[in-house]
Amino acid sequence: MTGIICALKIEVDGLKQAMESPSEKTVAGLDFISGKINDKDVVLLECGIGKVNAAIGTQIMIDYYKPDVIINSGIAGSLSKELKIGDIVISNDCVEHDMNGTALGDPRGEIWYTDERRIDIPADKTTYEKLYSCCDGLSVNVKIGRVATGDIFVSSIKQREFIANQFDALCCEMEGGAVGHVCYRNKVPFAIIRSISDDLTNNEGMDFEKFRFLAAENSIKVMINFLNT
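Going by the working numbering, the sequence shown opens with residue 1, and the numbers climb by one from there.
Hints should not be assumed to be uniformly reliable.
Computed list of lysine to any residue pairs in SDA-like fashion (alpha-carbon distance at most 25 Å, straight line) [stated by the list, open to error]: (1) Lys-36 <-> Tyr-65; (2) Lys-16 <-> Thr-2; (3) Lys-66 <-> Leu-8.
Hints in this document: simulated from the structure, not taken from any laboratory. Being a predicted model, the structure only gives us computed values, none of them experimental.
My request is simple: use the sequences and hints to build the entire structure.
Spelled out as structure tokens, the structure:
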């Protein structure tokens, strides 16, 4: 089974339309939708904004549905001058840029687990390479790299440049690192795919309401392709 955790409700709705005999279960106020897409077992979730919401939804999905892989999809802000509005980032790993134990002498972004400490959370190579190949045919720039996650909407160019320089990340958002964190501890393969909603130097760009439909349309195409291979 493939788990798909979305930041945008319209992504869930679009994938649900492609699903055969969808069935819904509500747990902890979250609606999980399961069924088949292209004869593949799939469970969908709109997790809500932020790391805690994403972590709750991911753990419940793993406990209840036992997915073989989880993909987190949504939008993100660019941390690279090479990534413009509409472009796509696929994770080879992710970090939590708001983890900050530097006052204790620890590196910024280091996560304290009970049995180890690390900064990077590795995505599944087979999954992110497959996602990359499923972007063929989209008229946008697609890059594989690091996704930075934090419980803050980063609008300041200086903040974005700091995150980019500190973590060598391509984009920033608010859920992917938490999904990756939970998957890593549960030994469930994962990857993140994000469409750029605003670039590094110009945060006005395309009207958000218009963009989110474009982002969802591209993400749905990629997910359908992923489930068709």
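Against the structure, the hints:
At most 25 Å may separate the alpha-carbon atoms for a hinted pair to count; Lys-36 and Tyr-65 meet this at roughly 13 Å. Using a Cα cut-off of 25 Å, the hinted pair Lys-16 and Thr-2 holds, with the two alpha carbons roughly 14 Å apart. At roughly 23 Å between alpha-carbon atoms, Lys-66 and Leu-8 fall within 25 Å of each other, so this suggested pair holds.
Violated hints for the displayed structure: none, as all numbered hints are satisfied.
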